[in-house]
Structures are given as C-alpha cells and as structure tokens.
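Based on the sequences and whatever the hints tell you, model everything.
Protein chains in written order, with my numbering: chain C, 9 to 153; chain L, 9 to 153; chain P, 9 to 153; chain R, 9 to 153.
Derived by calculation from the structure, the hints in this document are not laboratory data.
You may find that some hints are simply not true.
You can't tell identical chains apart in this list, so a pair holds if it fits in one copy or across any two.
No farther apart than 20 Å at their CA atoms in a straight line, the calculated lysine to aspartate or glutamate pairs in the EDC-like style are these [what the hints assert, rightly or not]:
#1 Lys34 x Glu86
#2 Lys34 x Glu148
#3 Lys34 x Asp129
#4 Lys34 x Asp132
#5 Lys34 x Asp11
#6 Lys34 x Glu150
#7 Lys34 x Asp54
4 protein chains.
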Amino acid sequence: MIDLTLAAAQTIVSRALEQARTSGLKPLGVVVLDARGALKAAQVEDGTSLRRAEVALGKANGALALGIGSRAISARAEAQPHFVAAVSHVIGPAALVPVPGGVLIRAGDGRLLGAVGISGDTSDNDEICAVAGIRAAGLEPETGA
Amino acid sequence: MIDLTLAAAQTIVSRALEQARTSGLKPLGVVVLDARGALKAAQVEDGTSLRRAEVALGKANGALALGIGSRAISARAEAQPHFVAAVSHVIGPAALVPVPGGVLIRAGDGRLLGAVGISGDTSDNDEICAVAGIRAAGLEPETGA
Amino acid sequence: MIDLTLAAAQTIVSRALEQARTSGLKPLGVVVLDARGALKAAQVEDGTSLRRAEVALGKANGALALGIGSRAISARAEAQPHFVAAVSHVIGPAALVPVPGGVLIRAGDGRLLGAVGISGDTSDNDEICAVAGIRAAGLEPETGA
Amino acid sequence: MIDLTLAAAQTIVSRALEQARTSGLKPLGVVVLDARGALKAAQVEDGTSLRRAEVALGKANGALALGIGSRAISARAEAQPHFVAAVSHVIGPAALVPVPGGVLIRAGDGRLLGAVGISGDTSDNDEICAVAGIRAAGLEPETGA
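Put into structure tokens, the structure is as follows:
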C-alpha cells in the first residue's frame with residue numbers, strides 16, 4: 009500500500025468509535041489525514057462541543073507537521089512551551105494541539121501514510137481509540153510514547 | 009429530529025458517494041456540517057487533488073453562513089462579486105466557495121439541520137450527489153435553485 | 009520513483025534557470041513543491057522584486073490544490089472569477105496565483121510528484137522554463153493547456 | 009558585497025547540507041532569506057516531515073524580524089514567553105520559531121545580508137550546519153550566542 013485509501017481510513021474511524029462505545033467514553037471527534045495532511049475521513053459523534061473536530065484535527069496535523077506522535081509533542085511542550093507555541097503558529101490555520109491523541113499511521117514497512125486525531129475524552133483514552141482503529145486496519149500506530 | 013445525527017450524516021455521505029460511483033463521476037470530497045457549522049462527517053475518495061476537501065467545506069460553509077444553497081450564492085456572485093468576495097473574507101478561514109454543490113439540509117418541518125459540500129466533478133454533478141445523499145437520509149435538500 | 013527527490017527538484021530548478029539565462033529572460037523565482045505541497049527546493053535570482061517567490065509559490069500551490077496546471081486555472085478564472093478568488097481564500101495563506109507558470113510534475117506512469125511555480129518574466133515564458141526544467145529531470149510536465 | 013547573491017545563498021545551502029551528511033544528522037530543511045526577508049534559496053532533504061520547511065523558515069524569519077540570531081530569541085522566550093509569543097503573532101504567518109538554528113548572515117563589514125534557518129535535527133546541530141554554510145560562503149554568522 010502506497011497511499012492511505014479511503015477504505016482504510018473508514019476502518020480506522022469506525023473501529024476507533026467502536027472502541028469508544030465499548031469503553032463508555034464521552035462522545036468523540038475522529039479525523040484521519042493522509043500523508044499530505046489532506047482530510048481523508050471524519051466522524052464526530054452526537055453531543056460533542058462546538059470545536060471538537062478542530063481539536064482532533066490539530067492533534068493529527070501537529071503529528072504530521074513534525075513527524076512524531078502528539079504524545080511526543082506534548083512532552084516537548086512541557087520542556088519548551090515557546091517552541092511548540094511557535095510551531096503551532098507557523099504551520100498555519102490548522103495549527104497543532106500538543107496532547108496525546110494524534111497518532112501517526114504507518115504501513116508495515118514503516119512508510120508514513122497519515123495520522124489520526126481524536127478528541128473528546130481524556131487524552132489517554134483518545135489515544136487508545138486511535139491505536140485500536142489503526143491496528144484494526146492492519147496498520148502500525150506511532151503515538152510518540 | 010432536532011439535530012443532525014451522525015447516523016444521518018453518514019447516510020448522506022455514503023449515499024452521495026454511491027450516486028457518484030453509479031454515475032461514473034471523478035473522485036469526490038464530501039463534507040457534512042451540522043447547523044452550528046461544526047464538522048459532522050467527511051469522506052474524500054482516492055485520487056482527489058490536495059485541497060479538494062477545503063473546496064467542499066467552503067461550499068457547505070458558505071451555504072450555512074448565508075442560509076442559502078451555494079447555487080444561490082453563485083448567482084449572487086455573478087451579480088455582485090464584491091459582496092461575495094467580502095463575505096468570504098469576513099467569515100474566516102473556511103470562507104465560502106460560491107458555486108453549486110453546497111446544499112442545505114432541512115428536516116421535514118423546515119428546520120435547518122446543516123449543510124453538505126461536495127467537490128470533484130462539475131458543480132452540477134457535485135450538487136446532484138449532495139441532493140441524492142440528503143434525500144436518502146429522509147431529509148430535504150435546498151440547493152439554492 | 010515514488011516521491012519527488014531533492015536531486016530531481018534541484019535538477020528542475022537549475023535547468024529552468026539555465027533556460028531563462030539562455031533566453032535572456034528577466035530574473036526569475038523558481039519554487040518546487042512535492043505532492044504534499046511541501047517546499048522541496050527554491051532559487052530566486054538576483055534583482056527580483058520583494059514578493060516574487062510568493063507569486064511563484066502561489067502558482068505551484070494552486071496547481072496542486074486543484075490538480076490542474078495553472079494555465080487551466082487561469083482559464084477558469086476568466087470564466088468564473090468568483091470561484092477562483094474563493095478557492096484562493098479557502099486553501100490558506102499560500103493561496104493560488106491563476107496564471108500560467110504553475111506546472112504539475114508527473115512520473116512517466118502518470119503519478120503526481122509535485123509542482124513547479126515560476127514567476128518573473130511573462131507567464132508564457134515562466135511556463136516554458138518550468139517545462140524545460142521538468143523535462144530535464146526526465147519527468148512529465150502538465151501545464152493545463 | 010551589498011546584497012546576498014543567489015550564488016552565495018546556494019553555497020550556504022549546499023555546504024550546510026554537506027556538513028549535515030558528514031555528521032550523519034537527520035534529514036534537514038534549509039532556507040535562506042535575504043535582508044528583506046524574501047526567500048532566496050531552499051533545499052529540503054528527502055524524508056523530512058510535512059512542515060519542516062515552515063519551521064526552518066520561522067527560525068530565519070524571526071532572526072531577521074528582531075535582528076538577532078534565534079538562539080538569542082530562545083533565551084528571550086525563556087525569560088519573557090509572552091513577549092516572544094506576541095511578536096510571533098504580529099509579524100505575520102511566517103512568524104518566528106524561537107530556538108537555535110536561525111542565524112543572521114553578515115558581510116565582513118557587518119552589513120546584514122539575510123538569515124539562514126535550518127530544522128530537522130537538534131537545534132544545536134541545526135545551528136552548526138547554518139554556521140558552516142555561512143562561513144563556507146566567506147560570510148559572517150551571528151547565532152545569537
């Protein structure tokens with residue numbers, strides 16, 4: 009697989025939400041970007057707050073921008089908040105959200121295919137759902153842990 | 009129905025794409041916003057250009073911003089391009105794209121539930137798919153014709 | 009070749025500028041983006057105006073955004089100026105410049121690898137240099153003609 | 009030398025990358041701006057993340073905006089994060105990235121010619137490559153140390 013297909017992206021989203029419902033999480037927004045940073049698929053559950061999708065998008069966008077899972081960006085933001093704030097600004101309107109839940113999607117051979125961003129419950133729970141979705145599609149998650 | 013549910017949004021997206029495949033259209037990007045302008049669901053087919061989703065989003069966003077289908081915004085843009093350019097600017101980064109394919113979603117009683125934006129084939133074909141998706145969900149399309 | 013390599017991008021830029029010097033054109037700015045829309049290589053000749061690189065970038069960016077050479081975007085802008093103005097807005101800060109000189113770069117098998125944007129002389133001459141650079145790298149130009 | 013020539017900028021970029029390859033660094037993005045803040049030359053190595061060039065650009069842009077190497081901006085950001093955040097905002101989309109690796113380029117007589125921004129490895133290593141490139145062009149680096 010060279011590019012992230014819509015079929016794979018759909019599997020990631022629906023299996024991430026299945027995981028969320030099984031675990032009784034709060035309503036989530038799930039966004040999948042391809043390796044170009046282009047929107048591939050999204051679903052936002054009923055009852056989410058107004059800008060939940062933007063937060064999810066910011067997690068995925070930041071992971072792709074810097075090439076590391078958003079958990080690693082979160083650690084960097086603790087150490088050097090001014091660096092992460094600045095990168096958020098220079099990468100444009102979609103910006104970045106430096107907490108866990110933005111997970112890189114890799115093929116088995118390591119090639120970067122895209123990123124998932126999830127927001128709505130705790131960042132740790134958001135990330136668990138992202139990992140579940142990516143694995144269900146037969147792909148490799150990279151959380152930044 | 010008071011709000012646009014994720015289930016309805018998913019039906020709209022998948023049936024719009026079914027229509028596109030039946031008609032042999034070029035690959036589409038389909039975005040559904042709820043009445044607040046918040047992203048509810050999206051799918052972008054394989055082989056679309058880099059910013060296809062942004063164009064689809066701009067159609068839906070403009071329809072909601074002005075409360076009319078984007079076909080009507082297109083007509084307004086022919087008559088008063090400066091007005092539409094200015095509105096595009098003031099409504100922020102998602103802006104608006106003033107061509108057909110941004111279709112309001114209404115409940116049977118006329119209540120506004122959201123909007124669909126589709127881009128990828130001709131604007132007329134994009135709109136046909138949006139209408140098909142909305143009808144398949146048992147809702148009412150308003151194209152701005 | 010799956011991705012546009014830096015080596016290929018450098019060939020494109022240097023051979024485009026060689027063409028410009030052979031033809032005695034005005035000083036050019038040349039920008040190469042990969043298929044993700046990410047900057048890969050750029051050179052801006054001595055004596056160019058302050059925002060020459062941004063104009064070149066806008067040509068390449070627009071071509072990738074819509075998946076057509078900027079000559080085709082130019083034709084669309086003549087027919088539907090409000091559409092092109094709106095797309096320029098929704099695709100973000102790098103926007104688009106709808107005149108010839110933004111040329112898609114394709115591999116021999118048709119796969120999209122990126123885009124070149126050139127600005128500084130007439131749009132037709134800018135485009136001639138872009139085509140020369142892409143061909144010199146053994147790749148296929150798509151001008152939108 | 010009054011202005012930064014393209015020939016000098018090209019030397020800076022290629023010698024910075026030579027230094028990076030000799031040292032076995034991660035893939036880098038290298039951007040050179042002239043004294044007006046206009047893009048003069050850039051090369052982004054294969055395998056960099058999606059927004060690496062924007063981070064490099066932000067380092068060079070910030071150095072020029074404030075007239076000090078980005079290492080000095082980094083120190084200022086530790087002491088007064090609100091000041092640096094605000095400057096980042098007011099100087100526009102290219103903003104600034106307040107970590108080492110944005111190095112001013114001066115002529116022998118002290119005249120400011122431009123700035124190099126490098127990103128991809130540690131900030132200290134990025135800066136070492138910028139300094140090596142500037143010196144190889146017979147010019148004076150100012151890191152902000």
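*asked:* Checking an output row: Lys34 and Asp129, CA cutoff 20 Å. Within, between, both or neither?
replied: within (5 Å within a copy, 35 Å between copies)
*Using 20 Å as the alpha-carbon threshold, which applies to Lys34 and Glu150: within, between, both, or neither?*
Answer is between: at 19 Å across copies they meet the 20 Å cutoff, but 23 Å inside does not.
*Homomeric proximity label, Lys34 with Glu86: Cα distance no greater than 20 Å*: neither (26 Å within a copy, 23 Å between copies)
*asked:* My question is about Lys34 and Asp54: at a cut-off of 20 Å on alpha-carbon distance, are they close within one copy, between copies, both, or neither?
replied: within (10 Å within a copy, 31 Å between copies)
*asked:* Treating 20 Å as the Cα threshold, decide for Lys34 and Glu148: within, between, both or neither.
replied: Close neither inside one copy (25 Å) nor across copies (22 Å); limit 20 Å.
_Please sort Lys34 with Asp132 into within, between, both or neither, judging by C-alpha distance up to 20 Å._
within (13 Å within a copy, 29 Å between copies)
*Indicate which option fits the pair Lys34, Asp11 if close means a Cα-Cα distance not exceeding 20 Å: within, between, both or neither.*
Between copies only: 18 Å across, 31 Å inside.
Consistency note: the structure conflicts with the earlier hints numbered 1 and 2.
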